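Starting from the given sequences, assemble the full structure and let the hints guide the process.
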Amino acid sequence: MANVKNKEKSPSIIGANLPRNDVYEKVTGTAVYTDDIQFGNKLLYARVKRSPYPHALVKKVDISKAKALPGVKAVITGADFPNKIGLYLKDKTILATDRVRFIGEGVAAVAAISNEIAMKALDLIDVEYEELEPVFDPVYGASKEAPLLHPNMAEYSYPNFIFPKPGTNIANHFKIRKGNLEEAWSKCKYIVERQFKIPHIQHVPIETHVAVAMMDEKGKITLWASSQSPFAQRALIAESLGISPTDLRVIAPFVGGGFGCKAGVTMEALPVALATKCKGWPVKFVLTREEEFYTNFVRQGLTSFLKVGCDEKGRIIALKNTMYWDGGGSTEYGVNVTRAGGYSSSGPYDIENVETDSICVYTNHPIGGAYRGFGMSELHTGLDQAIDELAAKAGIDKVEFLKMNVVKGGDKLDTGMIMHETGVKQTIENAAKAIDWNSPKTPSSPNKLRGRGIASMWKAPAMPPNAGSSAWVELAEDGHITVGLGGQEIGQGTFTVMAQMAAAALGVPYENVRIAGPVDTQYSPYEWQTVASRLTWSMGNAVRNAALDARKQILDVVAQAWHENAEDLDIVNGVVVSYKTENETSLKNIAIYGIPKENDQGWVGGPIIGRGNFMPTYVTGLDPETGQGTRSVVHYTTGTEALDIEIDKETGQITVLKAAASFDVGHAINPVLVQSQIEGGFIQGLSSAMFEEIKLKKGVTTNPSFVDYRIATAPDVNFKIETPYVEVPQDDGPWGARGVGEHPMVPTIAALGNAIYDAIGVRLPGPPYSAEKIYLAMLDAGLVK
Amino acid sequence: MINPHPGLPELEYLKPTSLIEASKFLADHAGEARPFSGGTDCFVRLRDGIWKTGTLVDVKQLEGVKDLTFDAKKGLTIGAAVTMNKVASNADVLKHYPNLAEAARSVASYQLRNRATIIGNICNASPAGDTIGTCMILDGVLNVHGVNGFYTVPLSNFFLGPGKTVLKPGDIVVSISFPIPPKGLVGTYKKLGRNTIGDLSIVGVAVLGYPTAETKSGYRFRIALASVAPTPYESFKAEAVLAESKITAEVISEAGVAAMDSVNPIDDVRGSARYRKFMVRNLTREAVAEVWKKISK
Amino acid sequence: MGFQRITLTVNDLVETVDVPTNMTLLQMLREKLSLTGTKNGCTAGECGACTVLMNGEPVNSCMVLAAECEGANITTVEGLAKGGQLSKVQQAIIKTGGVQCGFCTPGMLISATALLARNANPSESEIREALVGNLCRCTGYVRIVDAVKEAARM
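Protein chains in written order, with my numbering: chain U, 810 to 1594; chain L, 3 to 299; chain C, 128 to 281.
To be clear, the hints were calculated from the coordinates, so they are not data collected in a lab. Since we're looking at a predicted model, the values are computed, not measured. We put the beta carbon where it would ideally sit given N, CA and C, even for glycine. Any given hint might turn out to be false.
To be verified - Here are some of the chain L residues that sit facing chain C, going by a computed Cβ distance under 10 Å:
(1) Tyr15
(2) Thr19
(3) Thr42
(4) Phe45
(5) Ala110
(6) Gly200
Okay, structure coming up:
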């Protein structure tokens, strides 16, 4: 009877700080990552011959000498795999065919019995190039004068929400035309115009990309990859190779950090291509750290032109936002980053008149792809600094200015979508309070300048309108449940959150839930990709539905056996109970074998497998000329960050005194995991704000190593980060939850830029806000001598 | 294009048992064999393909290289295989040459300093070498073993250019010796990197000072600069300012300006020449003021 | 290219291994001894994912030749737990939530273990300084630093 009576008191699994279910393996070194899988002595090593030119025609690739080198098992060139590959705009091939478009692009590849032999083979490959004029600036690249990088753009395939302009270098042009901007300017009392330049940065997972592929004698392929997207990789690689998706099995073990760079398809296609030429041999390809920096996805650069105005009272009423994205040699994934930057271009502000041009431009730079934030960091870096200046011009406290202008439920957004309820205003108050916004800003010494900055943000899951999730929940003979899912554990803790959701929905203790990992496309249910902060929400809905389906099956069986109504039954802590008869039985007793009927008259039930899926069905298209439509996105997660800093007048170095990051998470399923995401994301954002830049010189990445691409280290972030989150429930989220994986790094650059402006009165045009830039700005402004 | 090997290229590993054997081998294989101790610079260069070395000659078991000795009359000797962490935590170093411990501790990370050595830092001859300036102004002398036996080279005569030294094939730097420091010596190392600690220096300033009857000011200062010249650089101009006038805040500032004016740094991926010059001035001023505060008490 | 036969102790077990002379300690651990807990993040001594204890002191195992390890005593992440009992640092990092993707974790645990061995009660700055050679991209170091403090209290 214990369970019946304790039902109301049983501790909630949702909202509990339960320990991660992958942590024991991770602290003992037994967690298996892709490079840890043992393949035995037949393992081959792949290396790639890369272009030394940013833009050139490939006239001839001679692999004959490399092929003859003992120990070499396969050599391939672009000509062997001419089909296009790409997530949105299919503009890329596995290796370059007729043209190279960035330094480091692969033109040929080798699989050999050792890395040493593979490297020697690369030296034996002769490539003849004809250099072409390169494009290194997106504004120039979008002009008529620029040489074309993709003359065959008209032949590429793409979904109907991407708008390429064949005959130019513009791979996507997203527009918003809302209200009457010309008229609005005349009503503005204050106007700010600014230009910003955001450099390329790198994701820097500590585990570089690694993939291993093998083709069996029958032609079926297995790919083991450090991957955020096993199902997308299956689909895209299979399509490019002309095989059936289910003939390519993708197994995705633990991922040592993703941040977007292991989404879509990048280097994973290469070992697959090689494997097709040496059946029965597993081919491993590991990117060196140097290759990681410039041969795979980077965060694209952005040049943005902003003009924003407010009326006398400080209401923002006009925004013109023109963004030129430095997309790189391929924009197959990047086009959708620029679309997201476009439809979210007003930020979380209620602005009546908006004109946006978000222009994705091909350049001869590394390929821009998904990066935590998906365009939002770049967008908000400029937008929230321009708004900060507008507040200063209007003479209104910045916190009050933001609160006055942020969106609320029911507002008509820049795309015409009606905003759902959001706690953004509360996040502003939380962040301001956490850093004592209104307390005196006294520097700690005469050699220091002190400043505070605040910035808000929003971000929607950026994806096709109908990206789906699915899950199953199976009851085992010990009464434990196993959850099948296709989303990846990349550190964010999704396996833990999914276990919590399944446990809560079905009615078993958290400890009794197993996750069926690693994700394996042969057995795991479909998931679009582990991106867009969408798993807690989308996969969470699928897992919840699967658990509820299993629960219904169990209750129906027990109701039948007990001659009761299922509505009178419940599952509490792994025990089925009847509130009517106070009958109870452990799930153990009914799993697998069902329940015997009375008097040995047969059985009811059988093995239980619940199934669930989720796909948003309500996102609509937007008008290509105005960007207007009914519903541009599923929903927005909002938040605010604030910083209190000091700047050393002798060196320009920043010391962060206090930091706060507040986000509306809908419902924190596991508060410690939520806070961990926010802390880590904030520091990644701060690292990008202070240190990070791929230093490109004529297409050459001049700092492709940790020696000269610095990221935040433990001593750099010696301050407390407050993370007071807000919970305004999301109507389509499980238990009201929405994603917060990417968001914490979105407003950080702007918040820091605003703090620097507050401290020194100079607006720096773009990050990283290095000590050098700050010192020289102070020097030029006469603040120091 | 930088596309390093995933691992170290093919190489041979030799562990000679005597200095004579080691020097002979290195001389006989000039251009393709190289001595190494911690390998922290060496392995990176080999992997990058900057160095094409056939044989690495491990010096860690040779006579004298593990010594870290202090003698009240002769001073300090640090062997080639003594790691930076050993130097930074050694009681005699901390007592008599604390600025050397400070400089050693500023290099990279703890785990790297368990392999990295002062001698390696010196032989690598990077203008950015964090311990080199301090070793120079402490009047370090290198004890070198070559094919003709031992000889010594003062550190001030050792460097020819970035990565270039006076060492000849067969030469192995066995140790570095420092005289007993002048009475009342105080020193410091100011390093500016992109990160708080652990980075290569954009600018490094090693300063020491002590009272003396030999200068007009009654004090002698030594100032060595990292990352602003082709070799680790001692700014005699800045030192002269502090020797010739009574030391005041203004004179210290003047010394900073003199240090700045004495160098002609370059723009590189870590910092611009313009920023470097100002940082030489500011860090020199800061370091000298800090030393002055202690020695003028 | 030559090979060397070396005998060393790894996690309290004596091992004799034939290694190519260009093989690093990291490669030997992962490829010859199947101790894949130690990770490779940069092959340049910068990220610290490959940190192991060599004769009680942390080193970047990508910066040590296997051939140099004759007679050495190596402890990897797999050797931290004894008899099924997690070490204090391991327990503490679970408690504080300092693990996300887990790729830096083995090196972090080794660096933290070494720090506490030489300084049982480190300050926050000392903890952060001791971890400067261990890059983490997920956690912002917040809960890793908390874990070291927690382990010091245990």
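| So which of those numbered hints doesn't the model satisfy? | 2
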